[in-house]
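**Q** For the record, the sequence lines run as chains A and B.
Counting along the first sequence from 1, when you hit position 184 you're at 184 in our numbering, and nothing is skipped either side.
Counting along the second sequence from 1, when you hit position 118 you're at 1118 in our numbering, and nothing is skipped either side.
I should point out that these hints are in silico values taken from the structure, not numbers from a laboratory.
There could be a bad hint or two in this list.
Once the Cα atoms are required to be at most 25 Å apart in a straight line, the calculated SDA-like pairs of lysine to any residue come out as [unchecked claim]:
#1 A:Lys27 - A:Thr130
#2 A:Lys17 - B:Val1151
#3 A:Lys15 - B:Gly1150
#4 A:Lys228 - B:Thr1056
#5 A:Lys207 - B:Tyr1202
#6 A:Lys15 - B:Thr1056
Values in this document were obtained by computation on a predicted structure and should not be read as measured data.
There are 2 protein chains.
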Amino acid sequence: MTTQKLEIMKCTHKKQKPESSALEFGKYFTDHMFIMDYSEEKGWYSPRIIPYQPLTLDPAAMVFHYGQTVFEGLKAYRSEDGSVRLFRPEENFKRLNQSSDRLSIPPIDEAQMLAYLKELIRIDKDWIPTMPGTSLYIRPFVIATEPTLGVAPSRNYKFMIILSPVGAYYKEGINPIGIFVEDQYTRAAPGGTGTAKTAGNYCAAYKAQERATANKQAQVLWLDGMEKKYVEEVGSMNVFFKLNGEVHTPGLSGSILEGITRKSVIELLKSWDIPVFERRISIEEIVSASKSGTLEEVFGTGTAAVISPVGELLWKDHKIVVNNNETGALSKRLYTELTGIQTGEQKDPFGWTVRLEDEE
Amino acid sequence: MTTQKLEIMKCTHKKQKPESSALEFGKYFTDHMFIMDYSEEKGWYSPRIIPYQPLTLDPAAMVFHYGQTVFEGLKAYRSEDGSVRLFRPEENFKRLNQSSDRLSIPPIDEAQMLAYLKELIRIDKDWIPTMPGTSLYIRPFVIATEPTLGVAPSRNYKFMIILSPVGAYYKEGINPIGIFVEDQYTRAAPGGTGTAKTAGNYCAAYKAQERATANKQAQVLWLDGMEKKYVEEVGSMNVFFKLNGEVHTPGLSGSILEGITRKSVIELLKSWDIPVFERRISIEEIVSASKSGTLEEVFGTGTAAVISPVGELLWKDHKIVVNNNETGALSKRLYTELTGIQTGEQKDPFGWTVRLEDEE
Ligand SMILES: Cc1ncc(COP(=O)(O)O)c(C=O)c1O
Ligand SMILES: Cc1ncc(COP(=O)(O)O)c(C=O)c1O
């Protein structure tokens, strides 16, 4: 663990904070940001918290040309008593390094990153919104900055953390969405970058999202890239199916992002003695289960929505309605439990939350 | 075609130019660059040539997070008589728009882009190196700049062109390389972004390049993402095989970049009455052809190297030596013909080159 002194430069003018009710996702940013540089000679160096400000980069910086970048997404929640909690942040920093490995980006000390993040949040604590369902979204990311056009890993990087107060995902209570089963575009294939949280995976999905929207569905259900047969993910969420009292989710196929909410849902279900299986699930099987009446619930899991019930699936000319297009009991229970733990309203038997106030 | 006035702001201090012999690929940049902005209200606006300078971008600019970016690569060549030629530039701008379509980026007027490029090169004409084999590499690119973290197409972009004098690809004459047939990592799968020139495709390849290097080979030969059975591309080049007097190249499978050098080679071969086929080619077939003695030549095609003969292929435990690890006659002929047309030393029966000096 590098023990470099964290430099802190506070802003002189604080920005005006938006109303809690006016918040959107990732639109407003707090007064400060964290930044640290990398060079081959020095490793990661010069960690600093500075006023939120534009980056100055050479037009040849590699991130613009060859997309060498990784990111994470997690949230800080303010609880009723005013304390602030992070949800499994060490998992995010672990995943950041896993993503970096796939993209040939040098790893960062995970404990150190968490310490920097905590310090940044402490400085911008006033920005954490208080209305139920709101939170402070945290975006750590790494970009390649060397200004050369040779196609090769960069020799310089920047690691940054920016913070954005975000509104409630469900403004009118948890509600099912419709999803479009994509049979044409591919999110990821084995041997590709699907297991990494890297920029290129996301823009690649816009065309599919256009198709979903044109088909009046909110999100895309991705099938595997090889056969377009097996279910992978929903938009930027992992996906679960309740079939005949048991819960099934696609296994980590090598092209799925390993969600931290997914992991937590699996652990919760196990603790509730609800059978849960990670395996290959074909879309045909879901159609059959729907026909035979064993498809009880479908839901997505991810940091943004936590649990997102699916009320309808559209695959080619099959239209599947799930649980009468209503939020199922298990989806609701998972949502209540997880958000309860995250905000500190419920006990945290797993030790998942990290309180900002606790000394490390 | 928008008819917006091109604004030109020249630099006050010219940079020192590197020695022709010291040039590398994409390391030095000229005195000026072209830049233009996009917003939903205005479309593409404010085209300007300004001194080469850093970009100032919000840390939330979408390019850093979701990789929405496309680029092109082409060259300007100075001929013996001092005139300057571009090689099929309209093809690059057409492909830029095709890439943009895949990435949900708004298209740019192609004729206009060419006019801006010509003007930029005229201003930085002194930067075009003169030594044989050298050229001015041209990098047009688009980046998403809207500072929001919602996963959706950006509403703001920048289109830029930067110029870099580059050294000769072959310092000691055209020479064969060894390639490693990648059987683990995937460059692109059907339905993905392989047909587009977008950042995420390139960083995804670094791990495979590491494996190639570890196996003492210069470049990667990509197999298809579905079955790892059919040949797709070599590094950032298309690939051709001369089998028994005929030339074969992978067809446009939906995961291959349609190279402009590839297209030109196909047209040249046809004009020479050499049979050329675009089709699926399995790596097994290449192994068999090598064994039976019908594998005569292998070469890559791309803007950087023009023609890159392959002398050796390593696939699992098969090691294939091609043409005694020497540059084949056809590779040499194609190289001489193409570079001759590009530099103006040979006639240009196809009308492929665009002279900077000619008025539009
Ligand atoms: C592609 C993708 N799948 C799944 C998820 C869910 O992961 P997590 O639960 O860690 O937020 C995310 C990110 O949020 C994602 O980007
Ligand atoms: C992936 C890839 N394939 C092939 C090529 C060859 O294309 P071109 O001949 O247009 O340079 C390139 C780019 O140069 C490329 O990036």
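**Q** Run every hint past the structure and note whether it holds.
**A** Hint check results:
{"no.": "1", "hint": "A:Lys27 - A:Thr130", "verdict": "holds (17 Å)"}
{"no.": "2", "hint": "A:Lys17 - B:Val1151", "verdict": "holds (23 Å)"}
{"no.": "3", "hint": "A:Lys15 - B:Gly1150", "verdict": "holds (21 Å)"}
{"no.": "4", "hint": "A:Lys228 - B:Thr1056", "verdict": "violated (41 Å)"}
{"no.": "5", "hint": "A:Lys207 - B:Tyr1202", "verdict": "holds (20 Å)"}
{"no.": "6", "hint": "A:Lys15 - B:Thr1056", "verdict": "holds (20 Å)"}
The structure shown violates just one earlier hint, number 4.
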